[in-house]
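Chemist: Using the supplied hints, reconstruct the complex from the two chains, each of which is provided in its own coordinate frame.
Residue strings, one per chain:
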Amino acid sequence: MPIKPYKSNNNKNAPWRASWPHTFKGLCLALSGMLAGAANASGDRPSNLSQRISAKGYIDFRWQHFRGNESWLDSGTGHSRFDRSHNNRPLLADFATEIKADLKAGSQIITQIHAYPEQNAGLEITELYWQYRPLHLSAMRSRWRVGFFYPKLSIENRGSVWSSLYNINYSAINSWIAEELRTFGVEGLWSWKIDKPVYGKAPLTLNLTTAAFAYNDPTGAILAWKGWSNHDLQSGIDNELPFSAPPGVAAADNSQASNFQSFREIDDRPGAYIGIGLSRKKSFKVEWFHYDNQAEDTAFENGHYAWHTTFDHISAHYFLTKELEAFGQYLRGRTSMGNGFVNNRFESAFIAIAKNQGPHRLTARFERAVIDDLDDTVLDDNNEAGNSFNLNYSYYLAPHWKFSGEYQQRRSRQARRSYRQVPNYAKEEQLSFSARYYF
Amino acid sequence: MFRTPRLAAILFSLYSCWSISEPLSIQLTHQGQLQSAPGAVMWLQALKPIEIQQGNTTAAQEAKPPHIIEQKDRQFSPYISVTQVGSDIQFPNRDNTAHHVYSFSEPLSFELPLFKKRTPAPIRVDKPGLIALGCNIHDWMIAYLLVVDSPFYGQLQGHSVEFNDLPHGKYQALLWHPDINSAQVLKTELNYQGQKIFDWPMPQKVVSRAQVRAPAERLDEDDDY
Numbered sequence: 001m002p003i004k005p006y007k008s009n010n011n012k013n014a015p016w017r018a019s020w021p022h023t024f025k026g027l028c029l030a031l032s033g034m035l036a037g038a039a040n041a042s043g044d045r046p047s048n049l050s051q052r053i054s055a056k057g058y059i060d061f062r063w064q065h066f067r068g069n070e071s072w073l074d075s076g077t078g079h080s081r082f083d084r085s086h087n088n089r090p091l092l093a094d095f096a097t098e099i100k101a102d103l104k105a106g107s108q109i110i111t112q113i114h115a116y117p118e119q120n121a122g123l124e125i126t127e128l129y130w131q132y133r134p135l136h137l138s139a140m141r142s143r144w145r146v147g148f149f150y151p152k153l154s155i156e157n158r159g160s161v162w163s164s165l166y167n168i169n170y171s172a173i174n175s176w177i178a179e180e181l182r183t184f185g186v187e188g189l190w191s192w193k194i195d196k197p198v199y200g201k202a203p204l205t206l207n208l209t210t211a212a213f214a215y216n217d218p219t220g221a222i223l224a225w226k227g228w229s230n231h232d233l234q235s236g237i238d239n240e241l242p243f244s245a246p247p248g249v250a251a252a253d254n255s256q257a258s259n260f261q262s263f264r265e266i267d268d269r270p271g272a273y274i275g276i277g278l279s280r281k282k283s284f285k286v287e288w289f290h291y292d293n294q295a296e297d298t299a300f301e302n303g304h305y306a307w308h309t310t311f312d313h314i315s316a317h318y319f320l321t322k323e324l325e326a327f328g329q330y331l332r333g334r335t336s337m338g339n340g341f342v343n344n345r346f347e348s349a350f351i352a353i354a355k356n357q358g359p360h361r362l363t364a365r366f367e368r369a370v371i372d373d374l375d376d377t378v379l380d381d382n383n384e385a386g387n388s389f390n391l392n393y394s395y396y397l398a399p400h401w402k403f404s405g406e407y408q409q410r411r412s413r414q415a416r417r418s419y420r421q422v423p424n425y426a427k428e429e430q431l432s433f434s435a436r437y438y439f
Numbered sequence: 440m441f442r443t444p445r446l447a448a449i450l451f452s453l454y455s456c457w458s459i460s461e462p463l464s465i466q467l468t469h470q471g472q473l474q475s476a477p478g479a480v481m482w483l484q485a486l487k488p489i490e491i492q493q494g495n496t497t498a499a500q501e502a503k504p505p506h507i508i509e510q511k512d513r514q515f516s517p518y519i520s521v522t523q524v525g526s527d528i529q530f531p532n533r534d535n536t537a538h539h540v541y542s543f544s545e546p547l548s549f550e551l552p553l554f555k556k557r558t559p560a561p562i563r564v565d566k567p568g569l570i571a572l573g574c575n576i577h578d579w580m581i582a583y584l585l586v587v588d589s590p591f592y593g594q595l596q597g598h599s600v601e602f603n604d605l606p607h608g609k610y611q612a613l614l615w616h617p618d619i620n621s622a623q624v625l626k627t628e629l630n631y632q633g634q635k636i637f638d639w640p641m642p643q644k645v646v647s648r649a650q651v652r653a654p655a656e657r658l659d660e661d662d663d664y
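From first to last, the protein sequence lines stand for chains A and B.
Residue numbering for the first sequence follows our numbering, starting at 1 and increasing by one per position.
Residue numbering for the second sequence follows our numbering, starting at 440 and increasing by one per position.
Next comes chain B alone, as it looks inside the complex (with noise of 0.2 Å):
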């Protein structure tokens, strides 16, 4: 009786709900198979301005905790990872050794003495870019940051990546991994209305490197070698 129609109208509105939140998958091709780059970064910049439904921006973002890149075992974690402009990023030294961590790049250029199990005050990033990370003393170790203006980033899992909650609008999508594009972003534009899968056909095959490891460490070996 007057149930039904209440249970109609909740049942509408989580059906709604769920159409809205289902993620967009977008996926990278190339002659029609799918093409792996675990850790590549993807970011949507949108064509027109959309209004985000994400209450106070500002304060949200003050909010965050830092982005953590840590130094683990002699090598940098993640290998690659991106932010949103604005975040505070820290470099916690897990080793029991001494790392120089150092950034030329031109969001953020710095260098920090990272010793022993250190971790040191959070900078902040106020430019977006490509922030490439080094260690003066461990030359093999190298990380990325992407720093991006925009709140739709994610990372490949395999190859594809999620985004929810997209409003829909046209996009600029954007691509960054240092084996597919060490020098420029790959772009596209995306018109999203609620597709559930974008394929991404790449220029070339997509061959991508997983992170170069820490060369073993016999106990009795000076790493000055």
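Chain A extracted, bound-state conformation (with noise of 0.2 Å):
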């Protein structure tokens, strides 16, 4: 079949362009210097600068053996981040620290970065943004996020520096947006107290997120030609990743770039999302997100395609009782790219109970992450179905210690691993032994 051309259709002698950055370098210079701008105007009183910045994280001393195929992250068919080459051996997964800078009352500055020596030489910058809490006099509540942050979609990944709080490895669900999705824009939350205050219960909180943002053209490209995986690895603001092109891709006119980047801007068109939630802390909170990146999804540019990525999801956390706990995320999307050249219907969920006993956690995680090849594009089949199931141990040793214990099981069915003289379904094992020290 004739692969189809891909042009972009940017107006690239419209005026507005040239002031609109499309690397991240320039990016960057950009918010730093809006960010010293920042600084400067907070207007507050001096004071000592260690009194205004602060740093927190840990580090993640892993030791894991790993039976499947090979990790995607060295261009294999498997799923996972550490393969067999890293089996029986001490390996420094993470070390992760959130830094943030009071500027005024309400005023941050945070930024979270990651290294994985493991992986790559280099830090990766997942967060950096200005945050701004106004003080109302009302009973509702509203944060402002400007930069380049995680949509706060997560109820797994509400740990220090976007970890997981239950497992070493994410859901499929949070593995991807870890791999692939960020906002590069603004966000604004409004909380507002539905019910009267009872004494010793937090309030019935109702939420309103919505948010404007560009640099998530690319989002979708590594589920549609990855897959979902399980794995704890974060992109960074100029992360690349390794990415093996199927045979259709490799012959288009306009070749993916080897290197993916996930957060670039294609277009020149901003995406947008909108959460409403329902929650009470500790108690409970549902949660639902429209996302759609608004992608023009015959841009290319650079090597890289504009993927136009729109999905739902819905979150729920319930405390059966004070230690126990169950939680789910369920996410469906589409994502096309290339004037039908891919067209995927993506699907996932878990759910998950976590018992927590003193200093003791134990978590079980099941869940499902299916794709559906809607294109009759050849040598570029999408389609893929898996099923995994994740039992975590963690013992807290205060008050710097978590020590984590986790069997992690995925079996999928992948039709692309033909392309690579693999069997289509594969069964990755992982055993891990993780001592993380907080600091």
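Watch out, some of these pointers could steer you wrong.
[Unchecked claim] One side of the interface only, derived from the structure: several residues of chain B facing chain A at Cβ under 8 Å:
1) Ala537
2) Tyr541
3) Lys556
4) Glu660
[Unchecked claim] Heads up, simulated DSS-like pairs for lysine-lysine below, C-alpha to C-alpha not over 30 Å straight-line:
5) A:Lys322 / A:Lys282
6) B:Lys556 / B:Lys644
7) A:Lys355 / A:Lys193
8) B:Lys626 / A:Lys104
9) A:Lys201 / A:Lys56
10) B:Lys503 / A:Lys201
11) B:Lys511 / B:Lys566
12) A:Lys285 / A:Lys56
13) A:Lys104 / B:Lys566
14) B:Lys556 / B:Lys511
15) B:Lys555 / A:Lys56
16) B:Lys566 / B:Lys609
17) A:Lys285 / A:Lys355
18) B:Lys644 / A:Lys201
19) B:Lys635 / B:Lys503
20) B:Lys644 / B:Lys503
21) A:Lys56 / B:Lys511
22) B:Lys609 / A:Lys201
23) B:Lys635 / A:Lys104
24) A:Lys201 / B:Lys487
25) B:Lys511 / A:Lys196
26) B:Lys487 / A:Lys281
27) B:Lys556 / A:Lys281
28) A:Lys104 / B:Lys511
29) A:Lys196 / B:Lys626
30) B:Lys511 / A:Lys281
31) A:Lys282 / B:Lys556
32) B:Lys644 / A:Lys196
33) A:Lys196 / A:Lys282
34) A:Lys427 / A:Lys355
35) A:Lys322 / B:Lys626
36) B:Lys555 / A:Lys193
37) B:Lys635 / B:Lys556
38) A:Lys193 / B:Lys511
39) A:Lys322 / A:Lys285
40) A:Lys322 / A:Lys193
These are computed hints drawn from the structure, not numbers from a lab.
A virtual CB, placed ideally from N, CA and C, is assigned to each residue, including glycine.
Modeler: And the structure:
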């Protein structure tokens, strides 16, 4: 089948285009200038710099044993982060820190940084933004975020530096968010307390989130061409993920760059999301999000396609008792690229139950992750279906340590494995032990 | 001989001093039973002007150290407190995290950025009334400061509060606690003529609760959820 040509429909001569930086270095410079301006304009009494800056985070020492296909990070067809080449030796899995600088009351600059010495040499800046919580006279609260940050979709990844609180390996949904999804823009959150205050009980809160963003045009590509995964690797602002093009893609006129960048602006069209939720702290939370990057799916620039990715996400968290919590996330969406070259429907859900008992926590997670390929492009079959199971035990040794043992199993059938002379069906098993030092 | 009258005079003056300084204990009751409301603020306002033997009041007030309300373990301490009009109030942050303390109350409306371990300059309160304090970052943090226009004030320990060196006279006694009377103060008249105990009957049974504790925080948990 002839590959359809893809052309960017961008108007390259548009006068406003020149002021819109397309690379991250340009954008980072613009952002740091903005942050410096905000710091100078804070107008607060001078105080000791060390009182304004705080850092927290963790160092994760890991030992793991893996059975299955070689990792996608080493251009394999496996979906774990560590594979057999990392077996039975100590690993420095993650050095993660969150740095906060208080500018004035309610105004902060926050950045999250990860270092993955086993995977790459540099630092991954996974978030960098300015946050402002204005003071309101009413029972309404608001929070503004401007910069590069995770949309707060996750129930699981609400740990320090966006780690999973419950598992070493994230669920498929959250692994994908870590790989490809970030807001580069402005987000507003409004919360209303909607019931009468009751002593010792957190208020019932209605939350409305909305955001406009850019630099998330390639989102969907890794999901289509690599598939769902379970890992704990978070993409940084300027991250490049290895990418093995399916033969149908490799043969296209506009070839995809071999080093994939999740966060690029290609079509100059902003995306948006909206979320509505209801919550009571330590009691329950339900939230619905609709996300649409509104990408022009025929646009192509510097080896990167724009993918029109849209999804709905529902999360729920319920405390059955003070110590027993059940939670889950469900995501269903579509991604398309190249005038019908790729047209996928993706869907994943997990349900987890966690029992907390003093310093102990036991979590079991069951999930399913599916991709339905709806286009008829040959040699680019993205069909996939998989189930995984994760059992984690964690022990907290206050004030600094958390020790975890985890078994992760993933069974999946992926059509594209046959292009690599590997059976479509793969079973991946991973036993991990982690010792985390929190500072 | 001549020593005896002097000794008697000394003993008499000691006795009279002691009898003057014997405290008045005001206790809360309901249907004959003592009612406990630890921390509740009580203050007495003289119904007729009373000459207070305190020397130069202004100088005494200026020398007074500021009234301290700390942020410690992500909670205010003390939860309820009382101070006199004209006092300075200070909000030291003992935590290793930032707080954003504010009040929209009439006597004192302010917001303070409290970076970790920071003690800001004191703030003076010039008006009497109730100041409800909150933290914009930590929702559960609430504290109350009563600013009173009287030198006779105290806080209940258990079911009673003691007033020392109270001049004889007629007073209006006032009481405030968030669980007893959230919006307005309770009042009663007191004619102090040296009695040791004054029972103040409450209109209903008193249910007073302790300060809400900060939610437990795991070391790996992000607090913004």
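Chemist: Does Lys56 (chain A) lie within 30 Å of Lys201 (chain A) when you go C-alpha to C-alpha?
Modeler: 29 Å, holds
Chemist: Please verify whether Lys282 (chain A) and Lys556 (chain B) have alpha carbons no more than 30 Å apart.
Modeler: Holds: Lys282 (chain A) and Lys556 (chain B) sit about 28 Å apart, inside 30 Å.
Chemist: Does the alpha-carbon distance linking Lys555 (chain B) and Lys193 (chain A) stay inside the 30 Å limit?
Modeler: Distance ~28 Å between Lys555 (chain B) and Lys193 (chain A) Cα, so the pair holds.
Chemist: Measure nothing beyond the straight line between the CA atoms of Lys285 (chain A) and Lys355 (chain A); if it is 30 Å or shorter, mark the hint as holding.
Modeler: Measuring from Cα to Cα gives roughly 18 Å; hence the hint holds.
Chemist: Mind checking the alpha carbons of Lys322 (chain A) and Lys285 (chain A) for me, to see if they're no more than 30 Å apart?
Modeler: 14 Å, holds
Chemist: Quickly compare the C-alpha distance for Lys427 (chain A) and Lys355 (chain A) to 30 Å and report which way the hint goes.
Modeler: The given pair, whose Cα atoms are some 28 Å apart, holds under the 30 Å limit.
Chemist: Verify the proposed pairing of Lys196 (chain A) with Lys282 (chain A), using a straight-line Cα cut of 30 Å.
Modeler: 17 Å, holds
Chemist: Double-check Glu660 (chain B) for me: the hint is only fine if its C-beta lies closer than 8 Å to a C-beta in chain A.
Modeler: 6 Å, holds
Chemist: For the pair supplied as a hint, Lys201 (chain A) and Lys487 (chain B), confirm whether the alpha-carbon distance does not exceed 30 Å.
Modeler: Since the Cα atoms of Lys201 (chain A) and Lys487 (chain B) sit roughly 45 Å apart, the hinted pair is violated (cutoff 30 Å).
Chemist: Verify the proposed pairing of Lys635 (chain B) with Lys556 (chain B), using a straight-line Cα cut of 30 Å.
Modeler: Given pair Lys635 (chain B), Lys556 (chain B) is violated - Cα atoms ~44 Å apart, limit 30 Å.
Chemist: Please work out if Lys322 (chain A) and Lys626 (chain B) have their alpha carbons no farther apart than 30 Å.
Modeler: Violated: Lys322 (chain A) and Lys626 (chain B) sit about 42 Å apart, past 30 Å.
Chemist: CA of Lys285 (chain A) to CA of Lys56 (chain A), is that 30 Å or under?
Modeler: 26 Å, holds
Of the hints listed earlier, those the structure fails to meet are numbers 6, 8, 10, 20, 22, 23, 24, 26, 35 and 37, in rising order.
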